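The lines below spell out each chain.
Protein chains: 2
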Amino acid sequence: MRVINSTPKADGYRMPAEWEQHYGCIMIFPERSDSWQYGAYAARKAFVKVASAIAESEKVTVCASDKQYENARRMLPPNIRVVEMSSNDSWARDYAPTFVTNGNDIRGINWGFNAWGGLVDGLYFPWDKDNRMARKICDLFDKDMYDFSHFILEGGSIHVDGEGTCITTEACLLSEGRNPNLSKTEIENYLREALNVEKIIWLKNGIYNDETNEHVDNICAFVKPAEVVLAWTDDKNDPQYEMSHSCLEILEHETDAKGRKITVHKLKCPSPVTITAEECEGLDTMDFEPTRTPGERLAASYVNFYIANGAIVMPFFGDPADEPARELLQSLFPERKVIPIAARDILIGGGNIHCITQQIPYFAQDR
Amino acid sequence: MRVINSTPKADGYRMPAEWEQHYGCIMIFPERSDSWQYGAYAARKAFVKVASAIAESEKVTVCASDKQYENARRMLPPNIRVVEMSSNDSWARDYAPTFVTNGNDIRGINWGFNAWGGLVDGLYFPWDKDNRMARKICDLFDKDMYDFSHFILEGGSIHVDGEGTCITTEACLLSEGRNPNLSKTEIENYLREALNVEKIIWLKNGIYNDETNEHVDNICAFVKPAEVVLAWTDDKNDPQYEMSHSCLEILEHETDAKGRKITVHKLKCPSPVTITAEECEGLDTMDFEPTRTPGERLAASYVNFYIANGAIVMPFFGDPADEPARELLQSLFPERKVIPIAARDILIGGGNIHCITQQIPYFAQDR
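Chains A and B are the protein sequences, given in the same order.
Residue numbering for the first sequence follows my numbering, starting at 1 and increasing by one per position.
Residue numbering for the second sequence follows my numbering, starting at 1001 and increasing by one per position.
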C-alpha cells in the first residue's frame, strides 16, 4: 500500500455515488457491551442479517477482533469473508476508508477519526483502533491511500451524487469537536479536493438527538442525480418538524453541481422511538455512568439505508410507517430488491444500517 | 470460506512442490520478547529483509498484531501487504495453512497446532492464536479449507516433490507430544489423504538440538523431483555427523513415488553456532526461566531456504561455509537468483527462513 501525497481531485479520482457498481461492502462485527445490549448478542444477530442481505448481490468482508473471530465465522454464511481487525466499535461508515475511483482502479481516503467529537463531545475514549482501520482496510484490499488524517471527518457525514455534488450538515462539520481551527471555506476545500466535488450543499441539521452531531446520512440521501429522500414528519410538536422543514427549505432553493433543481422525496419517520428501562439494563456502563437513560429518544430514520448492487437494505422499526417507507424506496429503486431488517438492536447502538456499512466501488481486477 | 469435509485426495487436490509457481508468500511479524532479542527489534529487521527479497518476485502478505501494525507498515516496503492478525509467535511455515491445488484453484489445510509438542514438550503456552491462523488465512484469501485440526502437524515437518512423494522425520511426526494415539500407518494415511501423496520417506532425525523435534525442513529439502539437498558435516565429533549419515543411508536406499532413485546433494553446515551470553541477556524469560542458555547450540542449517518464484532466499551465518552453500544452491536453481540474508537474528528464535515463510500456490483469479 502506497501513501499518496496528492489529492483525489489532482489525480482524477472522485467519490462515486452509492448506487454506482460496487466491488463489495465492509462491515465490523459488534462487540462492545456499553454500545450494544447484553454483550452485543442481539446486535450481532442483526448485523449478520444485514451482511447476509448485502451478500446476496456483492462481496461482503466483515472485520472481527481476534476474540470475536470464531463467533463471527460461525454466525456469518460462508460466502462472507471474515478478517481479523481490531476496532473500538463497529461503525464502518465512519472509519472505513471513503473510496474514490478513476473508473478503473480505486484508492482509499484515510480521514482522521476522533469518535464524533474527540475530547469535546466524543462518544467514547480511546478511539485509536478505529482510527487505524482506514489504513488497514486500504492495505487489506491492496489499494493506495490518500492521507487526510489531519482532517476529522466521518463517512456518515457526507453524501455525494457522483456528479460533483456533496450534501452535509453544519451541525456536524462545523462542530467544536472536529476541526475547530478550520473555517467553513477551508472545510469545503478539503471536501472538494478529497471527494472531487464542485458544490457542497449545507443542511443546517439532521435527526433530533442524533449523537453524531447529526450526520447527513440519517436525514437526507441522494437516490439519483438531483433527487434525494428527506426524513420527514408532519407532527408540529415533534422537534424533528422544524429540523426537517429547515432541510426542505434549503434543498428547494438549491441546485446541484450541474445546476439542476433538486427533487425532494419525503420519507416519513416512524413515531418517536425511545429506549426502554429493560434495554438500558442490558448495557454496560461507561466511565461509571449508564450509556443510555430509559425513555431517551433514539435517532430512528428510514434514510439510513444501504444501496447494494442488487438491493436496498433498509431498517424497519415495527412501526406503521415501515410499509410506506418500503414502498417509497422500492419506487425510487425499481431495479433493486428492498430488503427490510428489524433494526432496533442496531439503533440502540446509536446508528443504523448505513452507519454500519461502507461500500467499496468496483475496480478492475489486475493481479 | 467454506469448510470442506472431504480430503484433498478425494477431491483431486495435491500439495505442489515449492518450486512450482506461487501466487505469493505469507509471513508473520515477530514480536514476542522471549523468542526474539531486545523486544524483537533485530528479528524484525531480518524479517523485513526476507520479506523484501521474496517480494522481488511474488506478492508477500505480512500478518502483524494491532500493536505492531504501525511498525510493520513503516518498516516494510509499500509493495508488501500488511494485514492485522494475532498470533503467539511468527512461524508461518508451521501454522499458516498448507495449500493444495487442483491446477486452477487452491484450498488450505488447517492442521492442528500445539506449539511443537503441547503439554509434553511444547515450546510455549498458550498457542491458541497460532492455532486460529490457518483458518483466518484461508478466509483472508477467500479460499475453502480442509479441517484437519484434530491431527497435529506443522508445515515445517513435511516436504513434498509435488509428484506423490513426501519426506518427513520420525523424530517429529512420531513424537509423544503430537499424535501419540496414532500409529505410524495412521499418520501416513493422514498425509496421503491431505497432501495427496503415495509415498512417504521417513528420515529418522533432523538437525541436532532442533527444538521442533527435528523438522525435516532444516535437514533435507527437495530441489527437483528425485533430487534433494541434505544438511551435512564431515566432522565425526559433531553429533550432527551420525544424524546426517543416517539420513543419507535412508535416502540412498529409497525410491520416490515414481520409483526413481534419489540424488542427494550434501549441503555442508556452518561450524556449530552457539548463542552468546550477551544474546541471552536480550531475551525475556518464560515461566520465570531464561529461554536460552549461553553456549547453547542453535540449529543452523543452509537447508532452511525459501524457494520464491524468482529467487532462493537462504540464510548466511558469517561462516566460511556460506559461499560454498550459495554456490551449490545456485547451481541447483540456475534460473533463480540466490539471495543470502544474514540470519543469526532469526536463528536465535529457533528456526530460519523456511520456517518463517509459507508459499501460496498460484491460482486463477476469478473475481
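These aren't lab readings, by the way, just hints derived from the structure by calculation.
Just so you know, not all the hints are guaranteed correct.
[Claimed, not checked] Heads up, incomplete: computed chain A residues facing chain B, CB under 7 angstroms, no partners named:
hint	residue
1	I4
2	K67
3	M75
4	P78
5	S86
6	K136
7	D235
8	D238
9	L283
10	Q365
Everything numeric in this text was worked out from a predicted model, so none of it was measured.
Positions of the beta carbon are idealized from the N, C-alpha and C atoms, including for glycine.
Tested hints:
At its closest, the beta carbon of I4/A sits 10 angstroms from a beta carbon of chain B; the interface hint therefore is violated under the 7 angstroms criterion. Given hint, K67/A at the interface with chain B, is violated; its Cβ is 9 angstroms from that chain's nearest Cβ, farther than 7 angstroms. A least Cβ separation of about 13 angstroms between M75/A and chain B goes past the 7 angstroms threshold, and the interface hint is therefore violated. Interface restraint check for P78/A: the shortest CB-CB distance to chain B comes to about 4 angstroms, inside 7 angstroms, so the restraint holds.
Because the smallest distance between the Cβ of S86/A and any Cβ of chain B comes to about 4 angstroms, under 7 angstroms, the interface hint for this residue holds. Annotation: interface hint on K136/A holds; nearest CB of chain B at approximately 6 angstroms, less than 7 angstroms. Restraint check, D235/A versus chain B: the minimum CB separation of about 46 angstroms is more than 7 angstroms; hint violated. Because the beta carbon of D238/A sits about 43 angstroms from the nearest beta carbon in chain B, more than 7 angstroms, this interface hint is broken.
Proximity of L283/A to chain B is violated relative to the hint, the smallest CB-CB distance being about 25 angstroms (cut-off 7 angstroms). About 5 angstroms separates the beta-carbon of Q365/A from the nearest beta-carbon of chain B, less than 7 angstroms, and the hint is met.
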